[in-house]
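Q: Here's the letter readout for the chains.
There are 4 protein chains.
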Amino acid sequence: MEYGMYYLELVTPYESILRRMNKVLASGRTKYQEYFIFDTGAFGKVLVLDKDVQSTERDEYIYHETLVHPVMLAHPRPRSVFVVGGGEGATLREVLKHPTVERVVMCDIDDELVEMARKYLPEWHQGSFDDARAQVVHADARAWLEAHPETYDVVIVDLNDPVGEDNPARMLYTVEFYELVKRRLNPGGLMAMQAGMILLTHHRMHPVVHHTVKQVFRYTRSYHNYIPGFMLNFGFIVASDAVDVAGLSEGTVEARILERGLQLKHLDAAYLEAMFVLPKDLKEAIASEQMVSRDAAPFWLTEEGEARQQA
Amino acid sequence: MEYGMYYLELVTPYESILRRMNKVLASGRTKYQEYFIFDTGAFGKVLVLDKDVQSTERDEYIYHETLVHPVMLAHPRPRSVFVVGGGEGATLREVLKHPTVERVVMCDIDDELVEMARKYLPEWHQGSFDDARAQVVHADARAWLEAHPETYDVVIVDLNDPVGEDNPARMLYTVEFYELVKRRLNPGGLMAMQAGMILLTHHRMHPVVHHTVKQVFRYTRSYHNYIPGFMLNFGFIVASDAVDVAGLSEGTVEARILERGLQLKHLDAAYLEAMFVLPKDLKEAIASEQMVSRDAAPFWLTEEGEARQQA
Amino acid sequence: MEYGMYYLELVTPYESILRRMNKVLASGRTKYQEYFIFDTGAFGKVLVLDKDVQSTERDEYIYHETLVHPVMLAHPRPRSVFVVGGGEGATLREVLKHPTVERVVMCDIDDELVEMARKYLPEWHQGSFDDARAQVVHADARAWLEAHPETYDVVIVDLNDPVGEDNPARMLYTVEFYELVKRRLNPGGLMAMQAGMILLTHHRMHPVVHHTVKQVFRYTRSYHNYIPGFMLNFGFIVASDAVDVAGLSEGTVEARILERGLQLKHLDAAYLEAMFVLPKDLKEAIASEQMVSRDAAPFWLTEEGEARQQA
Amino acid sequence: MEYGMYYLELVTPYESILRRMNKVLASGRTKYQEYFIFDTGAFGKVLVLDKDVQSTERDEYIYHETLVHPVMLAHPRPRSVFVVGGGEGATLREVLKHPTVERVVMCDIDDELVEMARKYLPEWHQGSFDDARAQVVHADARAWLEAHPETYDVVIVDLNDPVGEDNPARMLYTVEFYELVKRRLNPGGLMAMQAGMILLTHHRMHPVVHHTVKQVFRYTRSYHNYIPGFMLNFGFIVASDAVDVAGLSEGTVEARILERGLQLKHLDAAYLEAMFVLPKDLKEAIASEQMVSRDAAPFWLTEEGEARQQA
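Chains as they are written, first to last, in the UniProt record's numbering: chain Z, 1 to 311; chain U, 1 to 311; chain S, 1 to 311; chain B, 1 to 311.
Hints are computed from structural coordinates only; laboratory data are not their basis.
Among the clues, some could well be false.
Since copy identity is lost for identical chains, a pair holds within one copy or between any two.
[Claimed, not checked] Simulated pairs of lysine to any residue, SDA-like, Cα-Cα distance not exceeding 25 Å: (1) 23 <-> 169; (2) 97 <-> 168; (3) 31 <-> 41; (4) 265 <-> 147; (5) 97 <-> 164; (6) 31 <-> 151; (7) 119 <-> 186; (8) 51 <-> 258; (9) 119 <-> 297; (10) 97 <-> 4; (11) 280 <-> 263.
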């Protein structure tokens, strides 16, 4: 390891990553979080919020294709989409690739972060903030959804993990929040979400979120993918009362990709399907999970990845 | 990050992992390599050879199930097995779980390392070194195979990546070596191997190895899995002239697991199959690879993951 | 920085030192503290207690000559010495070099640590634990001194800094403790002590200790020296009601060194004298210090080096 | 150690310092060197060139008072001064504090660095670049001195250590360079220089430089001081054919400080004198040094601090 500038990321209390920074493009603190944007040798620009790498220039397509397209392709004709979080604009970008889309509302509480992304991360948003179909709202997503009765074909939730007892994000991981999302779905609608790192089967984030979402939706399906820039395997969920994403045939997915003219770099129909197949130990961890996160006792994660619930 | 003892692992020239060590159980240098065995908070005991984490107590089952069972299950009745490397004894352990196995020869050049494993890593080998069906040989695997005309149903190759121009392992990644392995296979036999980290599609290790193996075997199939203790997605290959592992039905695999009474923790038939489905960018990298490693010009990897070939 | 094992020392909340470890000889926890003994490239063996490097094989002679000889040479004929702390045995070793010494009581609370030092650190103690003049006692030094009315020509205090609100060492940094030490001094007796790192003039450790000692003794003199293995400049104090160490002539010191046949590696009379000359900023920090540590309100240090006092 | 941005400084091949950066103000590469300017919690702004911390906002006064005032005070009336290096402008600032000074030529090869200092380091130069008495020249100092026969009362040399076989600075550490400096001194003139870290007595930098300078000047005196921001003890040299700085009385120094109205923060006459008193082991290392650096065989340092000479 040569002399120079590094970013220290505390992945667990036992493992940390030191990332060499060629150049620091911006760093500071918005009203809501600390941010760091820097340039690296292998992953290009890296965006860090608080303590975690959010995405990297070189591999953000993997993360964003993984988050967005399974749910969008599970819907036969998604016209309206609501995005919770997603400040860099890349979720928006992927959503807008679907020509069926007529309207996307992206709700990220942090206006300063979105400004930062506009300025420093053009490779992410690629102008999607200025797409006529997109509306960007700066508000608490839960409050905004409660106040606005508009409904959507797809809701995509891209939030930080609720690490720490006082993490404000924990109110966006409860049964009541998912019930609100469900009320904002059109008939036939689906929700997708980022659902935590899957470091070892003992990490509780993904099982608890899965089990909580399952209280609300008829079909709750987990899938996973490796995100190189995080050095981690990440979990995702698609949930719906109408559509079981696991029941979609490879043929249907392939047909929709063609029909919509999607140019994907990481996903194709076969790999999309394979992501929904989980290893045995993870399936067992999900199946045996008992914790349900509710407003009265929202769950949060310790640094070790253990789940806690306020009594 | 608290004060204390850490292991610094240089994953790439740009990213390093600092792992907190609770206790150092052993460290030193054998004739062939440096080793470190230490205890950690999240992964239990960790074995490092030279600069890379080889396996961890808590998740070695993931690595070893992934390496061993796809090839063993692809064979209808594997009786004899040859293991190249695999000093910790866990590959041996997984092979011996198949009741069809009558004889396993494990060839690891480093006798001191195997002694170390016997003493410090009982959770890995679990006594398999003493199984009556196992024979442990300390020799250069290539020389040994050349000198011994005995043939096997399955050959499993578990070696370090050939990083660095002078890496002796590079002579075990050439067409000529795979041809030798093929000559040591019984009719219907298969080879499996660990085939490098898949950090980003620009990392050349896996495509070059795949392309090289393909020169020798009729069926060459890549698969991949996330190894939490490495924080990396790893590539593997199964190759054979007789059996196309990709053509095995989930039902056949499931029947063989039951038939052999295999108690697996990470794999089941569905997940085993899903591991062979690769993302689009990786498939393209493999398809467009041109480099073939030969004795006359063995390939090696730079620290950046670029492939070089001696002229 | 190469791959391998490192010790992370948190010197301040802003600066940390990573020390490459060739070999870990011992690590664990006694009843009182965590310890690490490891071998390094430049400093040989290193002993760490809790989070701070205590001494290194290669440069411990600098630390121990600096701590011991100024006070021993300030006394015309030191016969009896009491050492508070000093578990490695090197303080004892330096004291015993003075042929005038007839009896040394070394009181270190941590018997396990002393056992460890006997076993792993022979270069430090060099057999002094077995010198007929030495008595090693394992007890709380304050309680022991209170219980035993025996008096000494010299008392040497070698303790950790009282970092943290609950640090038990803080009761050995109060006016009442120094008054106890004074009652245990023979007429003409002196006390010497390690008195904290002098990293920047804003670090309060040394000024507060100096000002506290000054409440008790007629002559309180600070001196300082650079300890390479710590990468820090350290402060020390000699205090007495009878002798002003600053008034000793170089000639007297030189004569005593010769007379006692001391073989010193780092100190001579001129350098010993020069260590008592302080830079202007440090002198001003000492002169303007107001805090006095008392049993009713013992002072402690924050990680930043700020001094706090319980109300 | 918290998550965030750090600077990794490789002090020796065995010890590194990780410094937490609050903010990176500038980083890049001039024609001659890499630079990093960042803000830290304890030391304020920090300037790094290539791999070493050059000075910090909070303690640069210690370094620059130590480098400049001993030589300036050793001269009864320094009117003209030549500074080799010193890009930050703080050496210039300290020189200009002496009201006797009529002209200072500062020669730093790196014009981009000086521009950077003007912009980002006003606390260092405090406008001295614009002082009417100062002339800033961007050239190789040796070539410039050869080409310009002007002479000075004082020459101050502030260069990086010649680490590495190809280090261009090594031609500014030879007998021939010091002879050139001597030819550029007025009668009664003196040279001062920064002369390397004194980490352990086995570090050869300071002894070799001292021994080389001694070949040229009648009086060569070493002194040392601890620089907190470097976490290192540094060596310096004053040399002259006319004045033995060690022979100056404290009274003379004090009178000159008063006479010139110098406002010093770290030095006073007594401490200035004490810095010239060296510990015994360092004196012995200097006395036994045999290596002389000459143009025909300039010395250079290994990373370990060993001295090498081209044959």
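Q: A separate judgement is required for each hint: does it hold in the structure or not?
A: Against the structure, the hints:
1. 23 <-> 169: Answer is neither: 31 Å inside a copy and 27 Å across each miss the 25 Å cutoff.
2. 97 <-> 168: Close neither inside one copy (32 Å) nor across copies (48 Å); limit 25 Å.
3. 31 <-> 41: Between copies, since 21 Å is at most 25 Å while 30 Å is not.
4. 265 <-> 147: neither (38 Å within a copy, 47 Å between copies)
5. 97 <-> 164: Neither. Shortest intra-copy (36 Å) and inter-copy (43 Å) distances fail the 25 Å Cα cut-off.
6. 31 <-> 151: The answer is neither: 29 Å in one copy and 59 Å across copies each exceed 25 Å.
7. 119 <-> 186: Cα proximity of residue 119 and residue 186: none, with 35 Å in one copy and 58 Å across.
8. 51 <-> 258: Neither: 39 Å inside a chain and 45 Å across chains, both beyond 25 Å.
9. 119 <-> 297: Intra 39 Å, inter 48 Å, cutoff 25 Å: neither.
10. 97 <-> 4: This pair counts as neither: shortest intra-copy Cα distance 40 Å, inter-copy 35 Å.
11. 280 <-> 263: For residue 280 and residue 263, the Cα distance is within 25 Å only across copies (11 Å; inside one copy 32 Å).
Consistency with the previously given hints fails for numbers 1, 2, 4, 5, 6, 7, 8, 9 and 10, ordered from lowest to highest.
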